[in-house]
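Protein sequence lines, in the order shown, are assigned to chains A and B. Anchor point for the first sequence: position 124 equals 124 in our numbering, and the numbering is continuous, going up by one each time. Anchor point for the second sequence: position 122 equals 122 in our numbering, and the numbering is continuous, going up by one each time.
Careful: at least some of the hints might be erroneous.
[Said to hold, decoys possible] Below, simulated BS3-like cross-link-like pairs (lysine-lysine); rule was C-alpha separation at most 30 Å, straight line:
(1) B:83 x B:134
(2) B:134 x A:145
(3) A:142 x B:134
[Claimed, not checked] Partial chain A-side listing against chain B, Cβ under 10 Å, derived:
(4) 50
(5) 60
(6) 83
(7) 126
(8) 139
(9) 140
(10) 144
(11) 150
(12) 155
(13) 157
[What the hints assert, rightly or not] Taking beta-carbon pairs under 7 Å as the criterion, some of the chain B residues facing chain A (in silico):
(14) 25
(15) 102
(16) 105
(17) 113
(18) 115
Hints listed in this document are in silico derivations from the structure and should not be mistaken for laboratory results. Just so you know, these numbers come straight off a predicted model, no measurement behind them. A virtual CB, placed ideally from N, CA and C, is assigned to each residue, including glycine.
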Amino acid sequence: MSESLLGQLQTYAAQSNSKVSMPRKGETFIEVDQDHIKDFISHLVNDFRILHLATITGLDLGENIGIIYHLSQDKDTIYVRSIVPKAKSTAVSIVEVIPGAILYEMEIHDLFGVTFTGNPWINQKLLLPDNWPADLPPPLLKTSKPAEIRKRLQLEVERK
Amino acid sequence: MFEGLTKWARTRSPWVYHINASSCNGCDIELVASLTPRYDIERFGAILAPSPRHADVLIVTGTVNAQTKDRLKRVYDQVPEPKHVIALGACAVSGGVFKGCYNAGQGIQDVIPVDMFIPGCPPRPEAIMYGVLKLLGAVK
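Here chain A stands alone, though its shape is the one from the complex (with noise of 0.2 Å):
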């Protein structure tokens, strides 16, 4: 990573109160809250030019959500991670700012039932399958049980 950029990062965090930290060289951990996120990616992409955004990935934290946007440039990888509130659930589009973010932030939606305004396919399902409750929560919550999701699916069977 440029030293430039570092630079930029660490200005960034102190200005909005957030951290930012280089565990191993090449990786680097930003927080930003969700009132920055676009714009803050939106600044990585256009004027540091960090166009591969990997993946995105959604973590179960207990109370909140963490999203986790993994870009990266080369040998280096910036992960952007962002809080949303289990009890909204409701996060920012980057679509607008990277359009293959569309088919993560769905995934994200499948999996943990985070909203993203802003995202035109967000109501459909991506990886769910078709018969699935809608009354059910989303699999990858700590919350959720899968032997009661299987029984729903009608997946368990009495063995004799």
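Using the hints provided, position chain B relative to the given structure of chain A.
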């Protein structure tokens, strides 16, 4: 008289239909390897049928899940009697590494009756041929 004739024909030319119930393609590639000239299961008369309605033997790979369960059942119903089912690979036999996942079943025998289990991840082409021949021996 015709019974003996049909049995003779069936055991010498079992038409195989392969269905992938969410397999990772490992077992599918091994099945293709057993059909192609190096192992050549076709010398026992087994050829791939283009449709389940032409098939005698249904070979199922992959763990059955909520999405493929009903489709697998529908394909099984289309195969004319007498029909035989082979569960190929660890996933089809027991659910494999996906067992316990929220949308994965525990093997295809919960959905359709199975005549032959061929374990392995993936099974070698020799194992597939051994299983098919053993099934034909049992049919005889």
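Practice task
Please write out, lowest number first, the hints stated earlier that are contradicted by the structure.
Solution key: Failing hints, ascending: 2, 3, 4, 5, 6, 7, 14, 17 and 18.
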